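Could you put the whole structure together from the sequences, leaning on the hints where they help?
In order, the protein sequence lines correspond to chains A and B. With this note's numbering, letter number 137 in the first sequence gets 133, and the count goes up by one each step, no holes. With this note's numbering, letter number 9 in the second sequence gets 5, and the count goes up by one each step, no holes.
Simulated from the structure, these hints should not be mistaken for lab results. None of these values were measured; they are calculated from a predicted model. One or more hints might be untrue.
Identical chains blur together in the list; that is why a pair holds if it fits in one copy or across any two.
Said to hold, decoys possible - With a Cα cut of at most 30 Å, we get these calculated BS3-like pairs of lysine-lysine:
#1 Lys68 / Lys11
#2 Lys116 / Lys134
#3 Lys94 / Lys76
Chain residues, written in single-letter form:
2 protein chains.
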Amino acid sequence: MSSNQDISKSVIFPKGAKVLNDHFIGAAYLELLNPRENTLNCPIGNVTFEPRARNNWHKHPGGQILLVTGGKGYYQEEGKPVQVLSEGDVVQILPNVKHWHGATPDSWFTHIAISTNVQKGDTEWLEPVTDEKYNILK
Amino acid sequence: MSSNQDISKSVIFPKGAKVLNDHFIGAAYLELLNPRENTLNCPIGNVTFEPRARNNWHKHPGGQILLVTGGKGYYQEEGKPVQVLSEGDVVQILPNVKHWHGATPDSWFTHIAISTNVQKGDTEWLEPVTDEKYNILK
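Below, the structure written as structure tokens:
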């Protein structure tokens, strides 16, 4: 799993289909491992980012948990330094905390995203992480 | 990850500590990836079973989702045939469905267990899966 080639194919769970909405910069892929439904109330997605790909700033009214399964990525909460993530890392995103996540410039990045307390409402999408801000991260 | 030796060490997430309660036959290991708390309401455990190890029959009042990360395992719901699980499989365990899971006789088995709707109550533990029943599974 050391090369970008390997991780872009799959890290345990399928890479899924390219995300087509406007909440990402660069190519990201989503495989839904558990759908949004009203019995388990726990949507789970396997998300893969190509190098430099990232989602816009956003908030989850009910929170989210990330389980990193491969590659190297960034996670940042508003007003805090960026965190560099790799395989085995776990991120607890508390409700309504403004944040973004994505790949580093030189690596693919894959995580499982588990949405929590989904009855509290849908993700609130905000402004993009500009190249100007992304390019100076370390 | 093909040998038992490899998978017994770790599959992405740490193997954790040996489970010391009476709800298992054989050795199982648990690493808590997210604790039980009242903000995200989503306990997540990485569970590793040695060959032949399995939990007792049980029910989750709020349900549970299993993400299989390595090895070969069994999952069975009451009154249904056993399912053989391997890397990449996802199991949706609906609320109050009586079931058990564990390793096959010849392989370690690792899954992430995500507890859902935890406000509905704690796991209800029931009788063991006897050797008599386990030994005839295929």
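Within a copy, between copies, both or neither: where do Lys68 and Lys11 come within 30 Å Cα-Cα?
both (16 Å within a copy, 22 Å between copies)
Under a CA distance limit of 30 Å, which applies to Lys116 and Lys134: within one copy, between copies, both, or neither?
Answer is neither: 34 Å inside a copy and 43 Å across each miss the 30 Å cutoff.
My question is about Lys94 and Lys76: at a cut-off of 30 Å on alpha-carbon distance, are they close within one copy, between copies, both, or neither?
within (10 Å within a copy, 45 Å between copies)
Violation of the numbered hints given earlier is confined to hint 2; every other hint is satisfied by the structure.
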